[in-house]
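All chains should be modelled from the sequences, with the hints used to inform the complete structure.
These protein sequence lines map, in sequence, to chains A and B.
Under our numbering, the first residue of the first sequence is numbered 1, with each subsequent residue one higher.
Under our numbering, the first residue of the second sequence is numbered 1001, with each subsequent residue one higher.
What the hints contain is simulated information worked out from the structure, not anything from laboratory work.
The C-beta atom is built at its ideal place from N, Cα and C for all residues, glycine as well.
Hints are not guaranteed to be accurate.
Listed next, the in silico DSBU-like pairs over lysine-lysine satisfying Cα-Cα at most 30 Å (straight line) [unchecked claim]:
#1 A/Lys258 - B/Lys1114
#2 B/Lys1313 - B/Lys1198
#3 A/Lys374 - A/Lys258
#4 B/Lys1198 - A/Lys39
#5 A/Lys44 - A/Lys148
#6 B/Lys1051 - A/Lys44
Pulled from the structure, derived: some chain B residues nowhere near chain A, Cβ distances all over 10 Å [unchecked claim]:
#7 Cys1065
#8 Leu1158
#9 Leu1167
#10 Asp1310
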Amino acid sequence: MSTAHDTTTTAAAAPAPTTRTGKAADYLDQRTGIGGVVKEFARKVFPDHWSFMLGEMALYSFIALLISGVFLTMFFEPSMALTQFEGEYPATATGQTVSVAYASTLEMSFEVRGGLLMRQVHHWSALIFMASIVVHMMRVFFTGAFRKPRELNWLVGFTLLILGLAAGFSGYSLPDDVLSGNGLRITDGVVKSIPLIGSYMSYMIFGGEFPGEHIIPRLFTVHILLVPALIVALIALHLFLMVLHKHTQFPGGGRTDKNVVGYPALPVYVAKMTGNFFIVFGVLVLMGATMAINNVWNYGPYDPSPVSAGAQPDWYMLFLEGSLRLMPGQGTEWVIFGYTLPLNVLIPAVVVPGILFTFLIVYPFLEARVTGDKREHHVLDRPRNVPVRTALGVAFLSDFILLAAAGSNDLIATHFGMSINEITWVYRILFFLLPVAAFVVTKRLCLGLQRKDRELVLHGHESGRIVRYANGEYVEVHTPLDDQERWMRVNYDAPAPLEIEPKMDARGVKRKGYGADKRWQGLSRFFYEDRVEPVTPAQLAAAHSHGDHDALEAGGQQAAPAAVGSGSTTGTDSQEH
Amino acid sequence: MSDMNHTNDNSAEVTTPAGAGTDVVQSDKFTDPGVPAHRPRLTDVDPRSAKRNERIVTFLFALSCLGAIGTIVAYVAVPPEGSTGSVRLSTLLLGAGMAVSLLGIGIAGIHWAKALMVDTEMVQDRHPIRSSDEVRADAVRDLNEGLEDSGVVGRRGLLKGAALSALALFPLTIAVPLIGSVGGDWNISKFKHTIWKKGTRLALDPSGRPIKASDVNIGSAFHVVPETTEEFRQSHEWITEKSKAVVLMVRVRPEDLKSDQSPEGEQWSYDGIVAYSKICTHVGCPVALYEQQTHHLLCPCHQSTFDVADSAKVVFGPANRPLPQLPIAVDDEGYLVAQDDFAEPIGPSFWERLK
Ligand code: HEM
Ligand code: FES
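What follows is the structure, given as C-alpha cells:
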C-alpha cells in the first residue's frame, strides 16, 4: 500500500484540470473525496407526483420559519419584567404597564422596518407548516408509504408532528398578550388535572404559581433552541432515510418494487426543488404582506381578568379546544379517597389526543401484523385498493375535523344564530356517530371503486356507439382498455385474512398461543374479509369469449358477485362489522 | 437516454406460464406493459417554442431582480411614520417586492424544469435494504472480536454492573439541582389561598377604586379585585395574585336569588349582591360574560355556564363545580368587604384539592 506512489499514478492517469471549475473541483476532491458523492447523487432518480410536494412544502415552510424567526430574535426580549410602554404607537398602549416581552413585540411591529412583515410571515409560515405536515402525513398514510421498510421513518415523521405542535404552542405564547396568556392558563388547568403529579408539573412549568415570571423566558429557550434543534436533527434523519430507502412511486407501467422510475436529481430535481422553495417562501411572504395576523395590540397585554370572546387558538390546537368543549362536566369529576380526579379535563385533553396519537404510532405495525406481510413495498397503494385502511384513516380524520369545528362552535352559533347548547349536543352525538358512518361509507366507496375497476377491465369503456346486429339486437360497443390503463387497474394485491394453525396440535393437545392467534385472525378478518380481487387474464379471456354483445348485462350482474370475496376463505356477509 | 426508458428487466411481475391454457394469455397475472413511451413536448420538437420558453424563463428571473430592487426602493422611499396605517403600507410594499423577487425565481425554476429540461423518465434499480448474509456474518464477527478485545479478565458481571450504575447515576448530578429549583419553592398549597382576607375591600378592576354597596345597581356585573396599594399593583406578584383573586360581582333582585353558598347561620351575600370567583372551575379562564335576564355567567373558553342566582351552579358545559363564592359584607363606611378568603380552592381541579 504505498500510497504516495498510488497518488502519483492516479494523478498521472487523469489529465490535470485546466479550467477554473476543474481546478476547484480537484482541490475539493483531493481533500474530501467528494467525487464519489457527486457520482452517487447527481443522476439519482426520484419518482414524481404532485403529492410528493407536500413533504417538501413542510420543509420549505420550516426554512421560512427559520429565516423569519432569526429576524425576530434580533428584536424580541423574552422578559416578563414590567415596564412602562414608551412607544407612541399604537396610541392605546402608550403609558401602559406591560411586560418587556409585550413591549418588544409592539416595538418590533411599529418601529423595526419590515418587523411587522416578518412577524406576519413567521406566523403564517407556522400555520402552513403544520398544515403541510398533516396533509403530508395523510398522503403517506393513504398510499401505504409507511409500510416496510419505512415504518421507522413514519415514527420519525410522527415525532416531527409532535415537535411541530410544541414549536407552534411555545411560539404562540411568547408575546404575552391576552390571547397567549389565556392559552397558557388553559394549559395550566390541563396540567393540574393530571393525577398525582399535576400540581407539581404546573409548578415545574411556571417556576411557581401561574403565571409567575419564568414562563416566557423558558418558552423562549424551548421555542428558539430546543425544539428547532430537534426538528432540524430529525428532518435530517427523515430525509436521510428517505434517500436511503429511495422514494416510493405510484403504481404504473414499468414501476415495480425493485426499481425507481423518475427524473434525475440533476438537473430536474435541483430546478424543481429550488423553484418550489422560492414559490412556497414567496407565497408565505405575500400572505404576510397582505393578511394581518395576531395583531396583539388589539388584545392588550396579558391580564388575568379580561378575555376576548371569539378568540381562537391556531388551527392545529383547535381539536383540543373542541375536545375540551364537548365533554360534559356533570358526573365526570371523581373524588377517590379524598383525591380529585377531574375526568372532565383528563378525558378530552389527555385521553382523546392520546387515542389519536397511539393510532398513528401503532398503525404501520398493526397493519403489517394483520397482513402477515414481510416484503418491502416501494410501489404505493391506490387508496381504494386497501379499503379498511382508507376507511380507518377517514374515520379518524372526520373526528379530528369535527373536534376542530367544535373548537369554533361559538363562532358558528353567533354566525347562524343558533344556541350553543344545541350545537354542542349535536357535536357530542356526532363525535361517536360520524367516525362510524365515515368508516362504513368510505369502505363501501372503496369496494365500489374496485368493482368499477374490475368492470372496466373486463368490459372496457362505454364508447357511446350503438350497433345493430343482424338479429335486430342493439348493443353498445365497448372499447377495451389500453395496456397501461388495464395494468393500473389490475396491478394490486388483495390479501386474504390470516390463516392460523389449528387449535389442537398433532397429539391432540391444545396449542399454546392459540388464543392470541385467534384474536389476530379476528382483526385480520376485520381488515380483509371483504375484498375485491384484481381481474386475472383468464377472467378477461372468459369475458371476451362471452362475446362483446352481452357486455352490458355481464358488467352489471356477473362481475359483482364474482368480485366480492372471491378469495378462498371469504364469507360474503359484509354486514357483520 | 430514451433507451433506458424501456430497460425494465427488473420487473417483478414476470409472466409465468399457468398450465395449458388455450387462450392468448397464459398467466394468472397480467404482464407489466413497461414504462409508457415518452411523448415529446412542443419544446422538444419545435425549436421556436423552445426559444420562446427560454425567453419566458429569462424574463421571470429579470422580474425577480426588479422585485428585489423594488423592496429596497420601498425601504428608502416609504418609511413608516409610526401610525398604524403607514406601518401597514410599508409592510405591504416591502412584502410585495420580496414576494415578486422570490416568486420570480421560483416560477422561473419550475417553468425551466417543465418546459426545457429533458423529461424522459429514467429507470434505476433498487436493492434490498437489508445487508447481505456475508456482510451480516462479518459484522457479528467484528462485534465479537471487539468484545473479546475489551480485555476483561475477572468477573464480567461486576464490571458491567458498575459501569451501568455509573452511567445511570451521573445524570442525577444535573437533574437533582435542576428539579430542586425549577419549581420555585414547590409549595403547592398556595393554590388553596388568595389574598382576600377578612375586611379586604372589594375594588374595581382595573382602577382599584373601592366599591360602596350603594353604587351597585341591579343587573350590572362588576369586575372586582381586592383593594391593595397602587405600588403592589405595579408589581409582578400582583399578576400572580390577581390570577387567583379576581371576582365577578352582580346584584340581583333579592327575590330572584334562589340560593347562594352560605352555610347554615351565615350570610355570604349582601342585599342581593353576590360575588363569585371569576376563575372558571373547568380549566381556569376568566368567566367574563354575564347575561342579565337569565343570571347566567358564561365562560368564553369552553362555554361552561353558571347560574349566579342559584349558587353559581353549572347549568351547561364541561365545568363540574360551581364557582366558589366570596363571602361579603359592608363595613362602617358602606364599602363592600370580604368576610374571609374563599372557603375552597378557586379555579380548576387538582389532585390534592380537597386534602
Ligand atoms: C417537520 C415535518 C416533516 C417534514 C419537513 C417532512 C419532510 C419530508 C419530505 C421532504 C419527504 C419526501 C417527499 C414526500 O414524500 O413528500 C418525506 C417523506 C416521508 N415522510 Fe415526512 N416530513 C415531515 C413530517 C412527517 C410526518 C408527520 C410523517 C408521518 C407520521 C412523515 C412520514 C414520512 C414518510 C413515511 C416518508 C417516505 C415517503 C415515501 O417514500 O413515499 N413525515 N418527508
Ligand atoms: S375554562 Fe371555562 S369552560 Fe373551560
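inquiry  = Can you confirm whether the C-alpha distance between B/Lys1051 and A/Lys44 stays at or below 30 Å?
reply    = Given pair B/Lys1051, A/Lys44 holds - Cα atoms ~28 Å apart, limit 30 Å.
ask   = Given the proposed pairing of B/Lys1313 with B/Lys1198, does the C-alpha separation stay at or below 30 Å?
value = With Cα atoms ~25 Å apart, B/Lys1313 and B/Lys1198 stay inside 30 Å; holds.
ask   = Regarding the pair A/Lys44 and A/Lys148, is the alpha-carbon distance no greater than 30 Å?
value = 22 Å, holds
message = If I take the minimum Cβ distance from B/Leu1167 to any residue of chain A, is it greater than 10 Å?
response = 22 Å, holds
query = Was B/Cys1065 rightly flagged as not at the interface, with every chain A Cβ beyond 10 Å?
reply = 13 Å, holds
ask   = Keeping to a limit of 30 Å between CA atoms, is the pair of A/Lys374 and A/Lys258 held or broken?
value = Since the Cα atoms of A/Lys374 and A/Lys258 sit roughly 15 Å apart, the hinted pair holds (cutoff 30 Å).
ask   = Hey, A/Lys258 versus B/Lys1114, does the alpha-carbon distance stay inside 30 Å?
value = 27 Å, holds
message = Is the claim that B/Leu1158 lies outside the interface with chain A correct, judged by CB distances over 10 Å?
response = It holds; B/Leu1158 is separated from chain A by about 36 Å at its closest Cβ, greater than 10 Å.
inquiry  = Please verify whether B/Lys1198 and A/Lys39 have alpha carbons no more than 30 Å apart.
reply    = 82 Å, violated
request  = Classify the label on B/Asp1310 as holds or violated, using whether its beta-carbon is more than 10 Å from each beta-carbon of chain A.
outcome  = With a cut-off of 10 Å, B/Asp1310 remains clear of chain A, as the shortest Cβ separation is near 15 Å.
Hint compliance for this structure: hint 4 is the single one not met.
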